[in-house]
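Asker: Could you put together the complete structure from these sequences and hints?
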Amino acid sequence: MIRIPSLKAVALLVGLLCGCGSSPTARFYALSPDATLTGDGTAAPVHVVVSPVTVPEVVDRPQIVTRAAGSRVDIDEFARWAGPLKTDIARVIAADLGMLLGSAQVNVFDSGVSTKPAWRVRVDVMRFDSMPGDSVTIDAQWAIRAPGTPDVVMGRSVAHEPVLGQGYEALVTAHNRALGSVSRDIASFIRWNARK
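Here the sequence shown stands for residues -26 to -1, 1 to 170, numbered as in mature numbering (1 follows the signal peptide of the UniProt record, and there is no 0).
Bear in mind the hints are in silico, worked out from the structure with no lab data behind them.
The structure presented is a predicted model; accordingly, all values stated were derived computationally and were not measured.
Cβ atoms here follow ideal geometry from the backbone N, Cα and C, with glycine treated the same way.
Hints may be right or wrong, so weigh each one.
[Claimed, not checked] Label-pair restraints from in silico Cβ distances:
{"no.": "1", "residue 1": "9", "residue 2": "54", "range": "42 to 52 Å"}
{"no.": "2", "residue 1": "123", "residue 2": "-1", "range": "38 to 48 Å"}
{"no.": "3", "residue 1": "43", "residue 2": "90", "range": "24 to 34 Å"}
{"no.": "4", "residue 1": "54", "residue 2": "115", "range": "22 to 32 Å"}
{"no.": "5", "residue 1": "124", "residue 2": "-2", "range": "42 to 52 Å"}
Answerer: In structure tokens:
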């Protein structure tokens, strides 16, 4: 005897086939210089080199990592950084410093062949927290070496910015502002000491 499949079985099979045919598409996000930053009107004709940046291992991945309740983190397979987070942070800090110092001579990852005296900046991001719809926090330790001296001065910036909206675009924009705050601290130190 031939059995006719039940209507429930056919509906289940159709549902499974439809579900397999459409998977979400990944969206890519890049950090940007903080558009609200401006210098103090006095250009500091300095040469600055931003060294490679370090980030916590948990966020050192292509996926955007967010904090949930308690100690839980979420890794979103479909919300990704457009490039390596460490590289993006260094690029943004360099661009922010260029705006804040009024200098076109701010570079990332100097190959060591430049003969110009340069301020050397190293940034170690200790915390890069993302809480969608709430806030972001960047806790960064930075080290600066003035041109022609072996002395290194250490500093620390903790930037906490609200996320003004929903979704990853608002989250990334808040990170841009937080990095702008870190850059502002570094630029203030360089500007103050370059005048001495």
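Asker: Hint by hint, say whether it matches the structure.
Answerer: Comparing the hints with the structure gives:
Between residue 9 and residue 54 the beta carbon distance is about 23 Å. The supplied range of 42 to 52 Å is therefore violated. Evaluation of the 38 to 48 Å hint for residue 123 and residue -1 yields a pass: the beta carbon distance comes to about 46 Å. Between residue 43 and residue 90 the C-beta distance comes to about 50 Å, which lies outside the given range of 24 to 34 Å. With their beta carbons about 27 Å apart, residue 54 and residue 115 fall inside the hinted range of 22 to 32 Å.
Checking the proposed 42 to 52 Å range against residue 124 and residue -2 shows it holds: the Cβ atoms sit about 51 Å from each other.
Checked against the numbered hints above, the structure breaks hints 1 and 3 and satisfies the rest.
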